[in-house]
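Protein chains in written order, with the numbering used here: chain A, 1 to 444; chain B, 445 to 692.
Rather than coming from a laboratory, the hints here were simulated on the basis of the structure. Hints may be right or wrong, so weigh each one.
[As the list claims (entries may be wrong)] Simulated crosslink set (DSSO-like; lysine-lysine; CA at most 30 Å straight-line):
#1 Lys472/B - Lys486/B
#2 Lys472/B - Lys3/A
#3 Lys329/A - Lys486/B
#4 Lys282/A - Lys185/A
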Amino acid sequence: MMKTSELMGWGRYPRRPGPLGQPRDERQLSAYVGLGGVVARGNGRAYGDAAIGAAATVDMRALNRMISFDPETGVLVAEAGVILGDVIDAYLPRGWFPYVTPGTKFVSLGGAIASDVHGKNHHSEGSFGAFVDWVDVMDAEGQVQRASRHENPDLFAWTVGGMGLTGVIVRAAIRLRPIESAWIKQETIVAKNLQAAIETFESAKSTTYSVAWIDCLASGADLGRSLVMLGEHAGAAELPHQHRLRPFDSPVRGKKSVPFDAPGFALNSLTVKAFNALYWRKGQRAQGTSYVDWDSYFYPLDAVLGWNRIYGRRGFLQYQCVLPLSASKVGLTEMLQETARTGQGSFLAVLKRFGAQDSKFSFPMEGYTLALDFPANARSLALLDRLDAITVAHGGRVYLAKDARTAATTLHCADPRATAYAQMREETGLSTQFASAQSERLLL
Amino acid sequence: MTTAILDPVLILGGGSDIGLAIAHRFAKAGYPIVLAARDVEKLEGNRADMALRHNVEVTTATFDVLDTAAMPGFIAGLDHTPGTVVSVIGAMGEQDQSEADPEAAAMVMRANYEGPALIMGMFAAQMEEAGHGVLVGVSSVAGDRGRAANYIYGSAKAGFTAFLSGLRNRLAKRGVHVLTVKPGFVATRMTEGMDLPKALTAAPEEVGEKVFDAVQARRNVIYVRSIWWLIMLIIRSIPERIFKKMSL
Chain A
1 MMKTSELMGW GRYPRRPGPL GQPRDERQLS AYVGLGGVVA RGNGRAYGDA AIGAAATVDM
61 RALNRMISFD PETGVLVAEA GVILGDVIDA YLPRGWFPYV TPGTKFVSLG GAIASDVHGK
121 NHHSEGSFGA FVDWVDVMDA EGQVQRASRH ENPDLFAWTV GGMGLTGVIV RAAIRLRPIE
181 SAWIKQETIV AKNLQAAIET FESAKSTTYS VAWIDCLASG ADLGRSLVML GEHAGAAELP
241 HQHRLRPFDS PVRGKKSVPF DAPGFALNSL TVKAFNALYW RKGQRAQGTS YVDWDSYFYP
301 LDAVLGWNRI YGRRGFLQYQ CVLPLSASKV GLTEMLQETA RTGQGSFLAV LKRFGAQDSK
361 FSFPMEGYTL ALDFPANARS LALLDRLDAI TVAHGGRVYL AKDARTAATT LHCADPRATA
421 YAQMREETGL STQFASAQSE RLLL
Chain B
445 MTTAILDPVL ILGGGSDIGL AIAHRFAKAG YPIVLAARDV EKLEGNRADM ALRHNVEVTT
505 ATFDVLDTAA MPGFIAGLDH TPGTVVSVIG AMGEQDQSEA DPEAAAMVMR ANYEGPALIM
565 GMFAAQMEEA GHGVLVGVSS VAGDRGRAAN YIYGSAKAGF TAFLSGLRNR LAKRGVHVLT
625 VKPGFVATRM TEGMDLPKAL TAAPEEVGEK VFDAVQARRN VIYVRSIWWL IMLIIRSIPE
685 RIFKKMSL
């Protein structure tokens, strides 16, 4: 028996009731995969409707066991429901860290692979999928196939970044990075406008991590003013002496949480403006080099559990797109102007440089990626349509892990790979077997 | 940095959700773990996971709580003497079946009282001799007062609670600590599909956390969610002439 649950993504928009299966093991999972219109769901960190099944959803969180670890190669084999934060808890004290991590440690491995997530090091090291050696994928008959770059290479290529639409990822082998400490050496650079930010990124291409926070309420000559943050894993020997003896110890951060939905008026253009102004001033003071613990560096928002609730019950929309290198400056300028013009502001605006990536359906391409978030309302939806138009006009595309509302025509127009994916799914029968609310909307 | 070598924690009923959650919590603190269950083959995945996550030694041992004759051999066969023994063994059975079939009732009584009490008693003797050790018995709020809905299970748990209480009294001056745990509702495989009130239902991890803390603090009897203490206080204080007519 499957119970019916109201399902939603991290953005809490849209919400849709549907049957939710909660298998405890692979045998139980196999009973759900054949239902048709199924999609697997990890820890629910996709923002929109990617992990809401078209007909039924399978909660993978109970399939969360680590299976093996090879300290020679750093390869960890684990079930898809294992949370990235659990990998860090287990292996950081032993000197290992995920090669690629998104902005939250609460993603499941299955979700990270299906969305082929990226971190602050895409320009230097690539996406999450680049460090996946193989995946085991369950088909609608309950049969599990191993797929890697050598074995079933097509299945592997479509599965990494395939948004869960090739079957259910049940386990995977991922590579971890040897590190010497739990600390990141961070350099904060103030960029006075978009041009300066881009120049900073371009001159820091050999730096492992880079990311910029944009003050998206600045306009005119200040448009795109940013704090660019560069980072490297700190070696044990370079740490300030109080950390040198125990390089893997880092302060345990207090967990704050948002226990209830904030009222709708809590986030308005005034509070967003105040926040952005404060952040800007704080960042300017932080200019220069500092040592930051891994948790604060990679996961600043995780410290506030349930931060998605600050947008209230109606939820919020994330918008993340990537623009090709040559069109980045012009396109980003248009987007920031459009956003500033609506006066709605974005609580967080993040800019990153992507390196080249050649894949079947993953999001990244060489260029610049901008992420914004807005309260879920009609005004934002209209703004996002205009941002879509700018993205498509410049040959860019949108990130499906964040998407809750893109139109099918926009996707297929922006990305011919989407049409190829839909065709492959149609021909193999996958389109009826595995489908999400998102894939239905996007005609994948 | 020096770390003391910790004595292993033995979990009787190591395949259950609550058993695994308690084991994870102790493993996280660096204790070696022995998971004892009837079918250890099924436990291999959990064993490997626990060892990988917490970087401690995790082993399994075959144990059947109904096979009392094999108990001394089980204890003798353990590689290391456990410093802490946790029993999470229990079987609710079906009340209707237990009422109608004495065999089924006897099974519930043996699995919840006879077996757990005997094995804890044997470990108690071993610990008494060593002069230290911790015994943790997971009993039940169902043992606080017999109710029509589950009195066969409840009476066996009541027996186990009384046994642990006596053991604690006997061993208090011998360096051996006895903790009784009454979980209340827990969201496990056993309760899957039941419509349990959220505020009264703990996650297995919560039980693990509470048991670990209670062992550190040398608590005697705990309810996992303290609201259960109040609920059971009220249930126990209802006069029998009223209670007998109630359906709870």
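Okay, the hints, checked on the actual structure:
Annotation: proposed proximity of Lys472/B to Lys486/B holds, straight-line Cα distance about 22 Å (limit 30 Å). Annotation: proposed proximity of Lys472/B to Lys3/A is violated, straight-line Cα distance about 33 Å (limit 30 Å). Between Lys329/A and Lys486/B the CA atoms are separated by roughly 57 Å; this puts the pair beyond 30 Å, and the hint is violated. With a C-alpha separation of about 18 Å, the suggested pair Lys282/A and Lys185/A falls inside the 30 Å cut-off, and the hint holds.
The structure shown violates the earlier hints numbered 2 and 3.
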